[in-house]
Amino acid sequence: MSYIKGTIEEIRKAMDEKKVTSEELVNESLKLAHTYEKEYNAFVTICDDAKEENNVKDNPLKGIPCAIKDNISTKGVLTTASSNILKNYIPFYDATVVTKLKEAGAISIGKTTLDELAMGGTGTAAHTGIVKNPWDKNRLIGGSSAGSAAAVSLGIVPFALGSDTGDSIRKPAAYGGIVGYKPTYGLISRYGLFPFACSLDHIGCFTRSVKDVAYVLDCLKGKDEKDMTSLDTKTNFINELTNDVKGKKVFYIKEMLDRNNYKDDYDEELEEILNNFDEAMKKCKELGMEVEEVSFDIKLLEAIFPTYFTISCAEATSNNSNLTGIIFGPRGEGKTVEEIMFDARTKGFSELIKRRFVLGSYILQKENQEKLFLNAGRIRRLIVNKMNELFKKYDAMILPAQGAVAPTFRSEDIDKLSNRYLLLENHMAIGNFGGFPSITIPCGFVNKMPIGLSITGAVKKDIDVLNIAYAIEEKYPYKGQIAKEVK
Amino acid sequence: MEYEVTIGLEVHCEVKTHTKMFSPSLNAYEEMANSNVTEIDLAFPGVLPTVNYEAVKKAVKMSLALNCKVPEKMYFDRKNYYYADLPKGYQITQTHDPVGTNGYINVYVGEEVKKVLIHDIHLEEDTASLDHYDNYSLIDYNRAGIPLLETVTEPCLHSAEEALAFLDALRKIFIYCDISEARTDRGQMRCDVNISLAPKGSQVLGTKVEMKNINSFANVKAAIEYEIERQKEALNKGERIIQETRRYDDVDCKTYRMREKVESIDYKYFIEPNIPPYKLEKEFIEEIRKTIPPLQFERISKYINEYGISHYDASVIVKDKSVAEYFEKCLELGINPKTSANWVTSIILAHLNKTETSIEDLYLTPKMLKQIINLIEEGKISSKQAKEVFYKVVEDKKGPLKIIEELGIKQTSDDSAIRTIVQSILDNNQNLIEEYKGGRSNVLDFFVGQVMKQTRGQANPMMTSSIIKEEIGKR
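Which chain is which? The protein sequence lines are G and Y, in order. Position 89 of the first sequence, counting from 1, maps to 89 under my numbering, and the rest follow consecutively. Position 178 of the second sequence, counting from 1, maps to 1178 under my numbering, and the rest follow consecutively.
Note that these hints are calculated values from the structure, not bench results. Glycine included, C-beta positions come from ideal geometry on N, C-alpha and C. Treat the hints loosely; a few may be bogus.
Claimed, not checked - Quick partial rundown of chain Y residues pointing at chain G, CB under 8 Å, derived from the structure:
| # | residue |
| --- | --- |
| 1 | Ala1043 |
| 2 | Pro1087 |
| 3 | Gln1231 |
To be verified - Within a straight-line C-alpha distance of at most 30 Å, the following computed DSS-like cross-link-like pairs (lysine-lysine) qualify:
| # | chain 1 | residue 1 | chain 2 | residue 2 |
| --- | --- | --- | --- | --- |
| 4 | Y | Lys1354 | Y | Lys1221 |
| 5 | G | Lys354 | Y | Lys1221 |
| 6 | Y | Lys1279 | G | Lys392 |
| 7 | G | Lys223 | Y | Lys1073 |
| 8 | Y | Lys1279 | G | Lys234 |
| 9 | G | Lys335 | Y | Lys1079 |
Turn these sequences into a full structure, and let the hints steer you where they fit.
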């Protein structure tokens, strides 16, 4: 019997009952990784020599295989951020999360593909090629944590680390029919995460059950002296996890669900997604939760994406200024230092990345900063203030994780000015604006593709978010699911 | 035509800390190249800065010493630019709310007091150091990330002398407050000079020329003087001064154009997102304020006004904080200020200079000095003997009383003993007594000398002199 496709909880049980060893699990996991690699391209590096660290104390993750997004620094293991400028970069230090996984005895079997430098939401912008959706190879899995989503959705590993700057964990999780979670900003140290936009960046995880998130979070959480933005927590997530959510108050945003707002691009798919959401709200009520509709200034909602894009491009252009080929990375050619750096960066980044850097640079220019960068910061503040106000009254905000199912690779360009895009496809960045804990869990299928439910809570109230997700999860038959196509 | 010179200074000074500004690497950049570096200093992907608390404390201390306004919260900003000596591609510094703003210090320019206005002081990190060779350059990242304090004055200085007086005063504050060793010979203190000339009486400042990275005070002086002459000459010829950055060459003592400042570089500053702003609590600031010792200026003023010491002596004493403290300790013990000043500035400092030692290593404590001075005042030893005792004390590392005992150099104030000697000398010099009475007063000195010779210098000279007069009077 194969155990690798189980949840952490199930695998742990099997290991504790001596039905399977860590070595068998790792071998199986590696075998699956290789089997699916050609088709799905989930990994940049598969670690065939993966094994457990010595002297590990007993804990739930001991001996369990996992995968790590390739923008998280792993000592001695190639870490490319799926960019040509780092294609041969082998770090000499471990990210704090990697150290913690090693200390817990979790075994990384590979580094997963992402959109170059985590910029992108499609999984099509890696230097090693596109990542495919395990539910339908003609569709994308979403990004930027594409490979991690695919690896968990394919059942190669029970959990994988990702990073989330706008919705880079939660959206691909929704597209892949699995659980995607990003914690309160700071609850997991970012030390060793290659920065995209550090005020928005989070490390989080993909799992196939909500309880598994709690296992992973208990391992990774806490203050890190190397990350001044990190936080301490006294919560033991596994112990405090409960499906008793009676009396919890949740809200959804009226404008997001108002079908009149999508007149221009309404279709059956959207109808099904919205109907599915209505069903989900019924389930919430069945669980004893109070569900309320709350109105939110639509202008602010429409501003989420441009605000996100403005801030993230600006920070990204500065954050990636270390990639010059002087200290590490491919050395450019030229007669002067400036020419050498110019050449390295010209060759090292794809056009999409350069476009973001040019935009970011423009946004930060003295003459534009006030109008673009600082105004974006103000809008971010307005949205966060509004959310904080709502979180005084409500335990969580629940919304559909998407406005459409995972697009096909042949999809025509999405209208980025449509409400369907601006509202339904981008609201999860709210979680990054305020550093709010946020999770997506699978809640059904539309056009045979999985869709997800997004649950977001107040800062440091990760346990509330997990409990609500845990309770709702039980109302659906998707816990532990693996992509149908590969079953 | 007469011109008014206006100068503003930007002074970088390395802060003395155990580790670097944002990483745990040692702050010891003089060690073997690239030996004090971590992934953070090299800006490997994924690293984050952690603020050095010791550096922040010292920055706040300097801000207070410069009478600056300390912000409620400590913020850091990014200054973005690409250069080989800047691993991250940005420098973490402070622009929008630095650790100190709107300050001032009083400095002595000669004996005149000048108030120098401080625009701001901010905490930042140093860059790597570059060594350029014919067709390659070497980078040493030991210096990358060393904490730096940059002090920016208002354009309120009007001569090289004023600029130097300020720099010296600033340097002393760094040293007095134990913030930096501020050694220019090690490049710990570097200076940018902004200078402009305008017709005397003009309300508008002239065009500013910037001179970057001058590494010694002597060069600052020379550069300013050269630049004043150069601009004067140009203006007299009716030429226009161009806003530009110039480099001072300390070989031929001239300045050369580096680049014209058509438009200043856009550093795209923004708040550093990886360092949460944190509150500087009032109690924290007051605790730091308490650790600031009396500074050079207030000491000089006090010495002159309260102790009646000359400006020159006061300036000599405060040059070194430990010397000033030694001096003040002497006063606390009740030694007369002028006597203390004389001892410190002449005998003690001369000895320290000669032996190249510091006052902390001096065996003679203020207490011992007090013992010596008491003995002089009691007429037990002469000033000359006192000096001898001093040198013996510091050499043999024994207390003055012990030394006096060992040398047997006690001053004789025994009336009858001296009188016996005087009488015998007078007996043998009848002719000289006559000469003395005839008006040759210097004969007295001869008699005193004779007594000293016979007593091997131990007779109290004052007493001897009066006994001689008495005895002559009797004859």
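To see whether the hints hold, each was checked on the structure:
| no. | hint | verdict |
| --- | --- | --- |
| 1 | Ala1043 | holds, 4 Å |
| 2 | Pro1087 | holds, 6 Å |
| 3 | Gln1231 | violated, 29 Å |
| 4 | Lys1354/Y <-> Lys1221/Y | holds, 28 Å |
| 5 | Lys354/G <-> Lys1221/Y | violated, 47 Å |
| 6 | Lys1279/Y <-> Lys392/G | holds, 25 Å |
| 7 | Lys223/G <-> Lys1073/Y | holds, 22 Å |
| 8 | Lys1279/Y <-> Lys234/G | holds, 24 Å |
| 9 | Lys335/G <-> Lys1079/Y | holds, 26 Å |
Consistency note: the structure conflicts with the earlier hints numbered 3, 5.
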